[in-house]
Amino acid sequence: MALIPGVLFTLLLCALFFSPIPWKFSLPWVPSLAIDFAVYVDGLSAQFLVLITGIGTLVFVYGAGYLSGHPKCTRVFILLTLFMAAMIGAVVSDHLIVLFVFWELTSILSFLLVGFDHERESNRKSAQQAIIVTGVGGLFLLAGLILLGQIAETYSIQLLLERAPLFLSDRRLNTALGLIMVGAFTKSAQFPFHFWLPNAMAAPTPVSAYLHSATMVKLGIYLLARLDAAFSDLLFWEYTLVTIGTLTAVFAALQTLYERDLKRILAWSTVATLGTLVMLIGLPGHGAALAASALFFAHALYKAPLFFVAGNLDHGAGTRDIDNLTGMRHYMPWTAATAMLAALSMAGLPLTFGFVAKNAITFAKTHANVLHLVSYATVFVSGLSVAVAAIASIHIFWGRDTVPRKAHPHEAKGSMLIPPLVLASLGLLFGLFPTLIDPLLGASARSISPGFDPSKVNAAYDIVPVLEATIGTIIFGMLVYLRWDWLHALMDRIRPFETIGPEAWYRRGLEALPGLAAKQTRLLQHGSLPRYLLTMVAVVTILTIALFVQDSPVWNWPELKTLTIPVLGASTLIVVGGLATLFVYDHLVLLLVSGLVGYGSAILFLFTGAPDLAFTQFVVETVFVVVVATVLVRLRCLNPEKIIAPKEPLLRPLSLAVAIAFGTTLAVLVLLVSGLPFDSMLTDFYAEQSLPAAHGRNVVNLILVDFRALDTLGEISVLMFALVAALPLLKLVGEKRR
Amino acid sequence: MTSRPLIAEVFMRGLYPVLLAVSFWILMRGHNAPGGGFIAGLLAVTASSAYALVFNSSEALRRLPLGPARLAGCGVLLSLMSGLPGILQGLPFLTHPWVTLSLGFFEVPLSTVMFFDLGVYLAVWGAIGGYCLMLVQALEEVA
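Chains C and Z supply the protein sequences, listed in that same order. If you count by my numbering, then the first sequence holds residues 175 to 912, one letter each, in order. If you count by my numbering, then the second sequence holds residues 33 to 175, one letter each, in order.
Note that these hints are calculated values from the structure, not bench results. Certain hints may be false.
Said to hold, decoys possible - Simulated coverage check for chain C against chain Z, where a stretch passes if three residues somewhere in it have a Cβ under 8 Å from a Cβ of chain Z: (1) 734-746; (2) 876-887.
Said to hold, decoys possible - Chain C residues, not near chain Z, derived (Cβ > 12 Å throughout): (3) Asp407; (4) His541; (5) Thr644; (6) Thr796.
Backbone N, C-alpha and C define an ideal beta-carbon position, used for all residues, glycine too.
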């Protein structure tokens, strides 16, 4: 299974080596909506591609060991392969809508993978939470992308970035960017949408390492970084990103202290890193762009192996609780070595790639004139990540082995050791020889911040000015590590504050939803036919009146024609029928009286030149009266007391008012329409064409069967389907009665 | 119902085919004079409902040429198929070609439009008639 990502990764590396980026091509996809499958690969996309396929390969290798013998192993690999395809699609596409489609695909696959072990209720809830949060964010994103596309008059990302200076002052731009940011924040677990990510740790470990640390959660970062090239000068953009990023980072760093589960600790520290990345994208300057791409890369290289380590511990020792894990180096020496390597990089010690990234961040901050608060926040966050690194390595593997164990812990097998070891060693290799990775980082930073000069990458490795900062964070981190248990107890005491957190609000919202739905269903679907009718007629009346008011039509009264006796008779019939319905209570009589209105209309049609219509009206009216009468008679035999009109005191007067308003509106409408000059274009066309084109003289029927035959076909199909839908219901009623 | 309306039954037995014949005539004349598939279909529905009133709905359902759903389905299918000859001649879907059939002394103009209208007729009869009859039938069982 690892063959697919492996081959892709190799091909990608070769391609990057031999053919200069950017690569682009485009295939028409939905031409009628101007959506092309446009592909554009620049430095940023290339960096993501390298990680998606590279880490993907190792995740597949690791997963083969981790899940071997699991009955649903194949399912995970299929989903992971699909996920990888969706990720690749998202980062290479040059069309906002295509990007969105792949974005949503990754959300769905994440849902399926989080809920992989779906027999546990907590896992199902976590999966549901993940898809609700990212799905709702996705809707915001879609709205934002469409708005942005309309402002820019293009959905092509590259064109949009080029044209950006032209529409930077557009009033709608902030709304569009705000919506897009909400989407990106949900995806990348930023405050206040962060809570789904630690819960998503219900997924199998390889999935967590791949989706919820290395790739998918960085898709939001990707989009922000992609757009940053155009909007980095907007204050709204800059401030929101820096504020939310910093807030998320600090909040998540604090949350790590709550946890005892190694995987959840790593998850919170991932959230903290994501926050830092968002903050870096928000910071102005080329240095920040470089820092973002370096941190992005470094994080993948140290966090994925640490997740793998957590998985190995789970397998070998049967627990991930850090209280029960100490002195594991005796049992799992190779895992211990891996954890050490990865932790060195995570702590940002010199000669590791983490150090390079941290330097770049410090460098970026000093050159971007950030608030001191932001600066302190990053120091705090780095300090805590040092502490987390210490927990994952020193505490677990080197602490004194004091915990009594039932089973003897054992080392993981080769396929679960090589992937983390490779990644962690790469972290060290790139730390020793940063020039190996420079071109990629430079190209990536150039996509985020177009003016960046790739030859200046080396400036970030200057040790001297940032050494104090590094030493400071390490000392702080070690202090936190030493006092970890005490801090944990302290955090436990302030746990009640969780009830005001965003997750509590999410839970409350979810719980309130069924009640709300029930209430509105009861309000709208009350099951009373008179009230339904009343609502519908009232709405139509109000809308029609609103149209009158809005368009203020020219009041052009038609010339009244002299009344002929048949027309007068027909009208009398209609009026008498209409009035009589008001005073009749018996349903059967009511039906017959209302039939008068129908026959009156038919006579009216007959004498005003519409014999076909009159004919149809006569027949329809007859069938209607006969069938309804039959039904009424039977119903009355069944339960006579139920057909009495509902006793609602307000219903009758209200109905009367609505009926009068509706009738008046319609009368005015008809008068207005007759007052307009009659456009006889269509009539003339049919009159002229009926004989030569359709070989007939009955224009009405020719329109039905020839000129507009497709409409008729549609109508009779609807008739047929209505019958097919009604048949089972009628059969059911008949059987119940039997 | 204990007593059967004997006169009405005898009368209805004769009237039913006449009503259907009339409806068919209205279907056929629809091309040049008031009429057509829709009206004719409704007339056939009237015939069926009247039959159901005098006898009962099950009898009326039995007098339909096919089951109601099948009748409606055949109608739609017939209308759909009537558009195919046009396609075969390279014309847009539902363009009705005409041919003139010579029968010695007089000529009969024929077209697929006739099949289309027949389809409408059957669909209306099957769907509306079927619905009415089934509705009455569902309520009839107890009465």
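Hint check results:
1. 734-746: violated (count 0)
2. 876-887: holds (count 8)
3. Asp407: Answer for C/Asp407: holds, closest chain Z Cβ roughly 56 Å.
4. His541: holds, 68 Å
5. Thr644: The claim holds: C/Thr644 sits with its nearest Cβ about 75 Å from chain Z, beyond 12 Å.
6. Thr796: violated, 6 Å
Of the hints listed earlier, those the structure fails to meet are numbers 1 and 6, in rising order.
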